[in-house]
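Visitor: Residue numbers (my numbering), protein chains in the order written: chain A, 1 to 243; chain B, 1 to 288.
Worth flagging that the hints you see were computed from the coordinates, not collected in a lab. It cannot be assumed that every hint is accurate.
[As the list claims (entries may be wrong)] Where chain B lies over chain A, by a calculated footprint (3+ residues, C-beta under 8 Å):
| no. | stretch |
| --- | --- |
| 1 | 36-50 |
| 2 | 178-184 |
| 3 | 191-200 |
[Said to hold, decoys possible] Just the calculated beta-carbon pair ranges, DEER-fashion:
| no. | chain 1 | residue 1 | chain 2 | residue 2 | range |
| --- | --- | --- | --- | --- | --- |
| 4 | B | 141 | A | 45 | 38 to 46 Å |
| 5 | B | 252 | A | 208 | 52 to 60 Å |
| 6 | B | 140 | A | 227 | 20 to 28 Å |
C-beta: ideal position from N, C-alpha, C; glycine also.
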Amino acid sequence: MRRRTFLRRVLAFLTGWALGGVARHSAAAREGRGGSCYGMGIDVDKCIGCGRCMQACKEENDVPREPYFFRTWVERYTVKRDGSVAVQSIGTATGGGGDGFTEKEVVRSFFVPKLCNQCAHPPCVQVCPVAATFQTEDGVVLVDEKRCIGCRYCIQACPYGARYLHPERKTADKCTFCYHRLVRGLVPACVEVCPTQARVFGDLRSPASPLTRMMRLQKIHVLKPHLNTEPKVVYAGLDGEVR
Amino acid sequence: MRLGWFRRGSRGHGADRAAGSGAADPKCPRLSGWFRRRRWGDPPRPRHVPEAVARLSFVGVLLVAGFVGLRSVLPPALKNKALQQAAALEREKAREPKYAGAHACGECHGEQYEIRRNGYHRNVSCETCHGPARGHAESPVEVTPPAPRSRSFCPTCHAYDLSRPVGFPQINPIAHNPLKPCITCHNPHDPKPPTVPSACAACHAEIERTKAFSPHVLLDCTTCHSTPEEHKVTPRTARVSKPSRREFCGQCHSQDSKHPDTPKIDIASHGEGYLCWQCHYPHMPELE
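Extracted from the complex, chain B is given alone in its bound form (with noise of 0.2 Å):
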């Protein structure tokens, strides 16, 4: 294409002239001698719109047509900001919770509910442990929530991390009482320490933070030993019993002892006649 204010300086008047009058074919004139700006002598510009821009015009009445036909047949959501935002709005207010609230728990579970309100766990919500149960709420058959009772859930808070807070109650799930779930023990809608009672504590403090940690926590002072009244005023005069048969032991320990757990042997031939005790520490027997 040739411009004509592109070559004005360095050809001229004249040749410029002969450039964009477009004589030579008057169906088709050029471009330049249109857009050109017009000087004294020039011929008069032709008188209809050259074929191009016609083109190019009616492809711009499309394209607006187009977008404002567009822009008037789109629904309103598709335009508007604020509506998307209401409509995403509305969708994220229609979620489903999953998770009821302890209050929900209540009005049903009401006895667990009070026991937990005043212990220990107050702070701790149904659904903490026992997992979102919002199902359960409104169809309390078909769906239960799951109630755990293995060993391996409460250290998920309760075992020692460096990193917890100091105060806050932390075991060693190796060290404390192996093999036993933690709810033999404990109540996990009030747990408390298994406590000796504070009669005996009294005095042989040790033997109760020892028991406390030893398979024979759950084992009450008085199974094994009778406990006169006087012990607590004479203590040294009367004195309460110890075991004095290797049978008392063998009620659990024996080979044909009913009990589901215990280390069994042989009372007949261990130990040679010794006293249980004598061998064993019975506060802290060891599981070898």
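Looking at chain A on its own, in the form it has when it is part of the complex (with noise of 0.2 Å):
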């Protein structure tokens, strides 16, 4: 064989072996995007602060009674007329007046719900030393509590503060967006239970899903946008004192 020969079918070679590759790639990619992607779309406006999704969360879940142990809280934000900000997270029973404030400082009060923001570059999965904590192909980010061994790195890497460490099982613990319940076609269980359906679950992808249809009809924020880990919670009529 001459030279010239041998060399002319090795580039030929490396080209269709590295075009084959780009080709099974992207092939991958497709079918990664056809599965669906959940995420919870929060209408601030809608929220009533009545602490039903808390308390149908931790029945669901099994998160101990005690206070300060949530997958999902609610916040009652107050901006008051010396341009002060007092957030409060408010107990599972609520009710009755603004926990301390009269209506003659108050400029403006709500609600707003959080739980994990299920993020699509999680900084919890990206520091848990045992890689406990992953993210499933639908873009939920589920913790291992086998796997876990409790150095409370995620708790503190979690900018949105969304985890917890369970005091029994002494692991990590967050919202799986009831995964559980996923599986059997039923929503989270604070969105069953919301009754001014200020959330509203679905699949991202599909156009047909209800957070998608609200995500074209309001205008979306997410939480810390400038922490670039694009959280699969939305929120429609974000307060810009919401932090």
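Now that you have both chains on their own, put them together as the hints suggest.
Guide: Here is the structure:
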């Protein structure tokens, strides 16, 4: 074989191999895009702060009854006339006045439900030293409680404060979008019980899901966009004061 | 331990060679003699491996063998991250939900489901008020979800709170018809404020609004007033009647009345012969 022929054949082989690789990769990417990608929309203007979502979440997911252990929680933002902002996490039982404010002091006040943002680039997954927290194919971030060593690194890393250490299991715990309900075709418990439909659940990739519709019709924000975590929990009617 | 390379500059070759030769005890040659770079004129290296090196390599071989052996013995689920995560995912999927969803309720309780679906509570799931009911859906007789009837339940959503969105129906739980459970007046599956007939409210809207917050809210206008049809055409000439006897109010408020929760007085001695409505405004009677 002449040297020139040899080089030509090697070049042809390499080109074919590379093209095949690219094609395989893009096919895999297309396959990945075909699955669902769950997200939640929260309409701040509809939340009445009744705390039913927190109760239902505790019931559904065996979250400890004691206060301060929440997979989802509701914050009351109160913007006062002097420009200061008070943020209170409301208890499971609410109702009644605005916790120590008179109406004359308050410019505006509203409730913001919060939960794990199921980030597309989750800092908690990045920092876990034993790979106990991971992303499923449909974008939900889960914790493998058998693998977790309870080092609390993820709790520190989460910019949204969505994780807590389960006091009995001593492992990190957080919202799973009620993954066991999703696979049975049900919506998460907090969405199920929300009396005002302030929470909307759906598939971000399906053009027919209620979430996609909400995102089409409303102006959408996410929490802490500068951190580039790409949250899958989106907010409509979010005030600039919300952090 | 004496290291030849370290002392090379300071002592010179001769001394170094003497130190590194290990000629004194051929069974235990100095390590520095083994590792030192050979130079011209050095004695040949000892033929057998020094014992310390042999021991170390034995330990090393043991460690490697142990590691490899353990890895082959361990089940793949302990080594493979993908397998572990798949197992965690399966565990997560296997958890049983506790909230059944409103559609499951509608399969048996079709009537209430339909009523609710057409009322103001159409977006409120059954389990929002009745609690998680999947157990009830599976064994309807053994497990029954609670039906909250107490007055403290509805204000969870409907008590006035300044953070609640404008337009959401809210009441003051202290002033709003005290002592009555909400479900006396409001059907929770189809909540509506109790209404005065529009024929009356068209002119007497103030009375309508007042009565809506009074203990007499449940009484129809016609309980106390006879309303002739002509009153709508000529209100001044065809008047509605008012109660003309104390015994009329006494039906509920006298001491021998059977009504369970009204304030009772002695009709004969109370009020010195005035009619009741001359002192008490019936559309908003005071509690005292």
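Visitor: Evaluate each hint against the coordinates.
Guide: Hint check:
1. 36-50: Holds: 6 residues of the stretch 36-50 of chain A have a Cβ under 8 Å from chain B.
2. 178-184: With 6 residues closer than 8 Å to chain B, the stretch 178-184 of chain A meets the three-residue bar; holds.
3. 191-200: holds (count 6)
4. 141(B) to 45(A): 38 to 46 Å: Since residue 141(B) and residue 45(A) have Cβ atoms about 43 Å apart, the given range 38 to 46 Å holds.
5. 252(B) to 208(A): 52 to 60 Å: Check passed, 58 Å falls within 52 to 60 Å.
6. 140(B) to 227(A): 20 to 28 Å: 49 Å Cβ-Cβ, so the 20 to 28 Å window is violated.
Checked against the numbered hints above, the structure breaks only hint 6 and satisfies the rest.
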